[in-house]
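Protein sequence lines, in the order shown, are assigned to chains A and B. Residue 1379 is where the first sequence starts when you use this note's numbering, and the numbers rise one by one after that. Residue 4 is where the second sequence starts when you use this note's numbering, and the numbers rise one by one after that.
Honestly, the hints are just simulated from the structure, not real lab data. Errors might be hidden in some of the hints.
Facing chain B, according to a computed beta carbon distance under 8 Å, are these residues of chain A, among others [claimed, not checked]: (1) LEU1469; (2) PHE1481; (3) GLY1482.
Quick caveat: nothing in here was measured; it's all calculated off a predicted structure. Glycine included, C-beta positions come from ideal geometry on N, C-alpha and C.
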Amino acid sequence: DTGVSQDPRHKITKRGQNVTFRCDPISEHNRLYWYRQTLGQGPEFLTYFQNEAQLEKSRLLSDRFSAERPKGSFSTLEIQRTEQGDSAMYLCASSLGLQEQFFGPGTRLTVL
Amino acid sequence: KQEVTQIPAALSVPEGENLVLNCSFTDSAIYNLQWFRQDPGKGLTSLLLIQSSQREQTSGRLNASLDKSSGRSTLYIAASQPGDSATYLCAATGANSKLTFGKGITLSVRP
């Protein structure tokens, strides 16, 4: 399967814990995006990378959130000191330049 | 700031009906527009992408149109089937490549 993959698919954590999600993009894609989706809403942009450079961060991305894309391949999204409001589906997408974005299956986070 | 609207939020139709899903956006300076399908609890599947210079795109029973001047796009589904039941989202791509999504239309096709 050469699509976008995300790990884990589901994560349940207690408030205050740190969590880290991983995204593996389509191999030839140079852009990688993170979005967050809550129930009944469309996905909202969080941040994106072109190769290893993080080019834009949404105001939704508080100081507790950090994303990396070392070597321009896979990316990680870390949330520190999780809060109940962080419960959502975290979606990763990749693209070649400004072309079509392809999404992974998402990581569903539940903060108790 | 780009805003994307999809109305209605939900739609129920009998099998075999042709239907149109609407999407409107406020900023016509888009790079392209994508339509996605999302099944419950799943990720997004890209259906069609229309470049800003194009008027429409077709894939099988799906046809998407784009009118930048009026800020509208439509997704036409021909001969709907129960397997088409899902949430359909449209998203506008700005020059920074960020997708701005609507809230989606939840479609139910009754057998």
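Does A/PHE1481 meet its interface restraint, that is, does its C-beta lie within less than 8 Å of any C-beta in chain B?
4 Å, holds
Restraint check, 8 Å cut-off on beta carbons, for A/GLY1482 near chain B:
With a closest approach of 6 Å, the A/GLY1482 hint holds.
Is the hint on A/LEU1469 kept, meaning its closest Cβ partner in chain B is under 8 Å away?
6 Å, holds
In summary, this structure violates none of the numbered hints.
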